[in-house]
Amino acid sequence: MAGSETPAAPDTVKILIAGGFGVGKTTMVGSVSEIMPLRTEESLTVAGLGVDDLAGIEQKRATTVALDFGRITINDHLVLYLFGTPGQQRFWFMWNDLAVGALGAVVLFDVRRPDSSFAAVDFFERRGIPFVVGVNGFDGKHPYPAEDIRDALALPADVPVVLCDARDRESSKDVLIALLDLLIASAARS
Amino acid sequence: MRPFALTGGRTRPSRADFTLITTVTAVDPPPERAPRPQPEQARILRRCVRPLAVAELAALLDLPVSVVVIMLCDLLEAGLITARPPHPVSTRTTDLDLLQKVRDGLGRL
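Heads up: the protein sequence lines correspond to chains A and B, in order.
Using numbering that gives the first Met the number 0, read the first sequence as starting at 0 and increasing by one per residue.
Using numbering that gives the first Met the number 0, read the second sequence as starting at 0 and increasing by one per residue.
Same shape as in the complex, but just chain A (with noise of 0.2 Å):
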């Protein structure tokens, strides 16, 4: 802005990190950030559910969605951010700013709980936002192939399955270059 001496804010875009409780979302984002991975909430109102509903009065209670997230400085002008997305709870995807705007998502997948990752996976398939299937092998250790996690899920061909290890910076980075590459090569076909 003319006359202004505040200096120049950078371009910002973001990617999300996504999938069950525990599967190690906070971990990669740890791992691959520049900074320390901040958690911030916000508190949603939900409809209750499973309520018996004898006046057809909506039931409403508040909860509260916490979310971690990180930084990667791409440029000068561009700045990444990582946004882990809470397992715990059922609500996080009320947080419409949170998918909004995405380039895309990693969903990370945990071979010891399969089912933890299908709400994840549903979610970005519904949307049509584009995700890649992190597979975080416990200890780093991995007892299948990425092709019979791609039967677990149910996956499209076109979705990359990547073997990682979320504790490692180099795995971890490897995992969002995946998703990178997904990205180009679908905006190179259009």
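Derived from the structure by calculation, the hints contain no laboratory data.
Every value quoted in this text rests on a predicted model; they were computed, and no experiment measured them.
Don't take every hint at face value.
[Stated by the list, open to error] With a Cα cut of at most 25 Å, we get these calculated SDA-like pairs of lysine to any residue: (1) A:K172 <-> B:R107; (2) B:K100 <-> A:G127; (3) B:K100 <-> A:V160.
[Said to hold, decoys possible] Label pairs and their in silico Cβ distance ranges: (4) B:Q99 <-> A:F20: 26 to 36 Å; (5) B:R42 <-> A:V45: 29 to 39 Å; (6) B:L108 <-> A:M93: 27 to 37 Å; (7) B:A33 <-> A:R166: 42 to 52 Å; (8) A:P144 <-> B:R42: 49 to 59 Å.
Glycine residues also receive a C-beta, built at the ideal position from the N, C-alpha and C atoms.
Dock chain B against chain A, hints included.
For chain B alone, kept in the frame of chain A given last:
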């Protein structure tokens, strides 16, 4: 005149101006006719002397995002901050240049 210039002519900013990764920056020096900031507003202004994303601001202040956004609306209206929206991204972004920059940046990590 300056506050209106900073808010793009709007006098009533809506909460939609602030996403999690909108960057906010304190205007330095503050406009002459700006109202004196409240203590919580002053905390925000001290934090965003350099550009800072809304999510970072909320985490550093230990406040819910929605609360911080309401205060940011007031600060924007008073001309005490500027807000830069995130890079526009549709469901399938086709901005190859942007994607390549992000990929290159990740590769350099």
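These are the hints, each one checked on the structure:
no. : hint                         : verdict
1   : A:K172 <-> B:R107            : holds (10 Å)
2   : B:K100 <-> A:G127            : holds (23 Å)
3   : B:K100 <-> A:V160            : holds (23 Å)
4   : B:Q99 <-> A:F20: 26 to 36 Å  : holds (35 Å)
5   : B:R42 <-> A:V45: 29 to 39 Å  : holds (30 Å)
6   : B:L108 <-> A:M93: 27 to 37 Å : holds (32 Å)
7   : B:A33 <-> A:R166: 42 to 52 Å : holds (47 Å)
8   : A:P144 <-> B:R42: 49 to 59 Å : holds (52 Å)
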